[in-house]
Amino acid sequence: MLKINDLRVEYEKGVPTLDHYDLTVNEGELVSLLGPSGCGKTTTLRAVAGFVDTAGGQITISGRDVTKIPPNKRDIGLVFQSYALFPHLTVNQNVAFGLRMRRVTKKDQSKRVDEALRLVDLEGLGERRPAQLSGGQQQRVALARAVVIEPQLLLLDEPLSNLDAKLRVNMRTEIRRLQQRLSVTTLYVTHDQIEALAISDRVVVMNHGRIEQSGTPEEIYKQPQTPFVADFMGFENHFAGTVSAVDTDALTVQAADTTFQASQASGDLRAGDEVWVYFRSESAQLAADAVPNSVPVNVLLRTFQGNAIEYVIQSDLGEFKVRLPEDQVRFDAGPAYLSLNPDSLIVMPK
Amino acid sequence: MKISRWYTLSLGIVYFFLLGPFLIIFAASFGAESTLSFPPRGFSLDWFANVFANEQFIRSFWTSLQLGLIATILSLIFGVPVAYALTHFDFPGAGFVETLFSLPILVPGLVIGLSMLNFFVLFGKFDVLTGLMIGHTAILFPYSVRVVSVALRNLDPAVEEAAVNLGANRLRTFLLIVLPNIRAGIAAAFILGFITSFNNVPVSVFLSGPGVNTLPIAMLSYMEYYFDPTIAALSTILIIFSIVLVQAAERLLGLSQFV
Numbered sequence: 011m012l013k014i015n016d017l018r019v020e021y022e023k024g025v026p027t028l029d030h031y032d033l034t035v036n037e038g039e040l041v042s043l044l045g046p047s048g049c050g051k052t053t054t055l056r057a058v059a060g061f062v063d064t065a066g067g068q069i070t071i072s073g074r075d076v077t078k079i080p081p082n083k084r085d086i087g088l089v090f091q092s093y094a095l096f097p098h099l100t101v102n103q104n105v106a107f108g109l110r111m112r113r114v115t116k117k118d119q120s121k122r123v124d125e126a127l128r129l130v131d132l133e134g135l136g137e138r139r140p141a142q143l144s145g146g147q148q149q150r151v152a153l154a155r156a157v158v159i160e161p162q163l164l165l166l167d168e169p170l171s172n173l174d175a176k177l178r179v180n181m182r183t184e185i186r187r188l189q190q191r192l193s194v195t196t197l198y199v200t201h202d203q204i205e206a207l208a209i210s211d212r213v214v215v216m217n218h219g220r221i222e223q224s225g226t227p228e229e230i231y232k233q234p235q236t237p238f239v240a241d242f243m244g245f246e247n248h249f250a251g252t253v254s255a256v257d258t259d260a261l262t263v264q265a266a267d268t269t270f271q272a273s274q275a276s277g278d279l280r281a282g283d284e285v286w287v288y289f290r291s292e293s294a295q296l297a298a299d300a301v302p303n304s305v306p307v308n309v310l311l312r313t314f315q316g317n318a319i320e321y322v323i324q325s326d327l328g329e330f331k332v333r334l335p336e337d338q339v340r341f342d343a344g345p346a347y348l349s350l351n352p353d354s355l356i357v358m359p360k
Numbered sequence: 392m393k394i395s396r397w398y399t400l401s402l403g404i405v406y407f408f409l410l411g412p413f414l415i416i417f418a419a420s421f422g423a424e425s426t427l428s429f430p431p432r433g434f435s436l437d438w439f440a441n442v443f444a445n446e447q448f449i450r451s452f453w454t455s456l457q458l459g460l461i462a463t464i465l466s467l468i469f470g471v472p473v474a475y476a477l478t479h480f481d482f483p484g485a486g487f488v489e490t491l492f493s494l495p496i497l498v499p500g501l502v503i504g505l506s507m508l509n510f511f512v513l514f515g516k517f518d519v520l521t522g523l524m525i526g527h528t529a530i531l532f533p534y535s536v537r538v539v540s541v542a543l544r545n546l547d548p549a550v551e552e553a554a555v556n557l558g559a560n561r562l563r564t565f566l567l568i569v570l571p572n573i574r575a576g577i578a579a580a581f582i583l584g585f586i587t588s589f590n591n592v593p594v595s596v597f598l599s600g601p602g603v604n605t606l607p608i609a610m611l612s613y614m615e616y617y618f619d620p621t622i623a624a625l626s627t628i629l630i631i632f633s634i635v636l637v638q639a640a641e642r643l644l645g646l647s648q649f650v
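Residue numbers (the working numbering), protein chains in the order written: chain Z, 11 to 360; chain A, 392 to 650.
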C-alpha cells in the first residue's frame, strides 16, 4: 500500500509544485494519475521513487516511511517513458541487474530472470541487446526488469507514449493483466484519458499540482465534478445557468429563457446557485419541433464523420457541437431544437 | 548550378592549401639531394634511415610518447569527475566553471607556456619532465572535460536513475552503467588529448629544459642547424602515424560524434 500524506515538493524554493498533497493506493490496486503536462503527476511519481526532494509531508510504502530513504533503498519497481534499458547489457543482464544489486545468487538470478521474461513473452531473447529489439519488446524488458525484484510498489511513467497506436492498446491490456496476476500495488502516470480509464481501478485527475477528482473510471467519465475534469473527459459543451429548484434526485436549472431538468442529486447545490451545465456532443439530440428540455437553435454546419454526423449549432446559450449517429434524420442549416436528456446533464457549481 | 560550382571551387581551394603542403613534404622526404627541395630530384630512403639514426629524435620521441600518455591519463582522471559534476548537478557558477575550463583553448599557447614557466619558477622546484607533465595535463584538461561531457549528455539520465532505482548506489551506478556507456567518448578524449600533447610546441618550448626535449622541440632545434630532407622524412612518419591513429579511432568508436 502506498500512502502519501500532506506532501510538498518545491523545485524552486518557496514555489511549491505540489502542496498538501494526499494520495492512497490500496494493496494490489492500480491507480492512475491523469492530467496534462505540468500538472504534477510525474513529480508525484518521482517523489515516490525518491528522485525528487520533498519539502514536507510523508510517503509510506507498506507501512514503511520512505520519505528520507534514498532512492536505491526504496524497493520500488519503476518503468520509464524512455524504457531506460542499459544499452551495453543484454536483455538477461538488464533484467538481472536489480537481483545482482540485491546479491541474489547467480543460480536464483537466472531462474527468476527466465520467469520474468516468460511473464512478458520474451523467452529466447535474453541474449539480445536493447538496440536489437523493437519498441514494444524494449517496453517488455523494462517491465520484466521492474517486476523481477518483486517490488512493494510498481511505478509506471507514461510507459506507452513511445509506442504506436495499435501496439499501445495491446500493451495496455498486457500491463493490466500482468499487474493483476502479480497483484502488485501500482501507480500509473499518463496524460491519455482513454488509457487511464481502460487500465485503472481508480483514476486521479490532477491539475496545477492538485487533485481535481478521484474515482472509478466510470465515475470520472460519467460524473465529472469540476469543469476541468469535464473538459478533460470530453464534455465538449457547457452553458451557464442558475439553479431554480432542488429535489431529492433532480435539479431544475434556468438558463436564458429555458428551463432544464437534470436528473442529478443536488449535492451541495441550493436554489439560486450559479452553475455550469455540461453535456457530451453524443448525448444531445436535434428535433424539428419543440420538446421538453429543449432550446431553439440555429444549425450552422453539418460535417460527415464516418459513423457520425457532427453539427455545429448556435443558440442563446452559446455555440454547441452535436454528434448524431450517421443513420438518423439529417438536419439542414437553419432553425431546429436542441433536446437534452435530463440524465445526460452534469451540473456543477460555477 | 551556380551554387554547386562555387561549392566545388571552394572545396578545391581549401583542399589545395590544406593538403598541398603535406604533399610537398611527403614528396620531398624521398628526395636524393641534401637540401630540402621541391620537386625532389632522385629517389632515396636515406633520410628515413637518418631519422632513426638520430639519437635526439629517438630520445625525444620517447619523452613525447611518455608525456602524451601520462598527461592524457591525468587529464582524464581529473576531467571525468568534473564533466560528471557539470552534467549532473545544477550548482551556482556552473556556467562560469565551464567557461573557465575553456580558457586554455582560448588563450594563445605561447601565453600559457610563458605563464606556466613563471608560475613554476615562483612556486615549484619541479624537474623538467614533471613540469612538462603538469603543463600538458593543464592544456589537455579542458579537452577531456568537453569531450567526456558530450558523451555524458548523450546518455539518457533515466538510464542512471533506472540503475539507482534497482538498488545501485552512486558509485556502482557510475562504474557499472555510466562508464561502459561513455567509453567511446573517453577513448575519443584520450586520442584527441594524446595528439594534442604530442604535437604541442608553444607550452613545451617554455617548459622543456637541458637534456629533456619533446619531439616537436627537437625538430625545431634540428631545423635551426640543418636543412636536409630528414625533417621531411620525420614529418611524413608523424603524419602517417596521426592518420592511422585517428582513422582507427573513427572506425572503432565514431570519434567525430564527440569532437
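What the hints contain is simulated information worked out from the structure, not anything from laboratory work.
Using N, Cα and C, we set each Cβ at its ideal position, and we do this for glycine too.
Take these hints with a grain of salt, some might be off.
[As the list claims (entries may be wrong)] Okay, the calculated beta carbon distance ranges per label pair:
no.	chain 1	residue 1	chain 2	residue 2	range
1	A	636	Z	144	55 to 63 Å
2	Z	77	A	501	52 to 60 Å
3	A	639	Z	116	32 to 40 Å
4	Z	116	A	642	32 to 40 Å
5	A	478	Z	110	19 to 27 Å
6	A	600	Z	116	51 to 59 Å
7	A	478	Z	13	34 to 42 Å
8	A	641	Z	177	31 to 39 Å
9	Z	116	A	478	33 to 41 Å
10	A	639	Z	241	34 to 42 Å
11	A	486	Z	277	50 to 58 Å
12	Z	116	A	628	47 to 55 Å
13	Z	145	A	486	54 to 62 Å
Hints and how they fare:
1. Residue 636(A) and residue 144(Z) have their C-beta atoms about 38 Å apart, which leaves the hinted 55 to 63 Å range violated.
2. Taking 52 to 60 Å as the suggested C-beta distance range, the pair residue 77(Z) and residue 501(A) conforms, at roughly 57 Å.
3. Between residue 639(A) and residue 116(Z) the beta carbons are some 37 Å apart, a value that agrees with the proposed interval 32 to 40 Å.
4. Residue 116(Z) and residue 642(A) have their C-beta atoms about 36 Å apart, which keeps the hinted 32 to 40 Å range intact.
5. Separated by about 26 Å at the C-beta atoms, residue 478(A) and residue 110(Z) satisfy the suggested range of 19 to 27 Å.
6. Against the hinted window of 51 to 59 Å, the Cβ-Cβ separation of residue 600(A) and residue 116(Z) comes to about 57 Å, which satisfies the hint.
7. Between residue 478(A) and residue 13(Z) the beta carbon distance is about 35 Å. The supplied range of 34 to 42 Å therefore holds.
8. Hint check: residue 641(A) to residue 177(Z), Cβ distance near 37 Å, so the stated range 31 to 39 Å holds.
9. Between residue 116(Z) and residue 478(A) the Cβ separation comes to about 34 Å, which falls inside the hinted range of 33 to 41 Å.
10. Between residue 639(A) and residue 241(Z) the beta carbon distance is about 60 Å. The supplied range of 34 to 42 Å is therefore violated.
11. A hinted range of 50 to 58 Å holds for the C-beta pair residue 486(A) and residue 277(Z), which are about 54 Å apart.
12. At about 51 Å, the CB distance of residue 116(Z) to residue 628(A) agrees with the hint of 47 to 55 Å.
13. At roughly 36 Å, the beta-carbon separation of residue 145(Z) and residue 486(A) lies outside the given 54 to 62 Å, and the hint is violated.
In this structure, the earlier hints numbered 1, 10 and 13 are contradicted, and the remaining ones agree with it.
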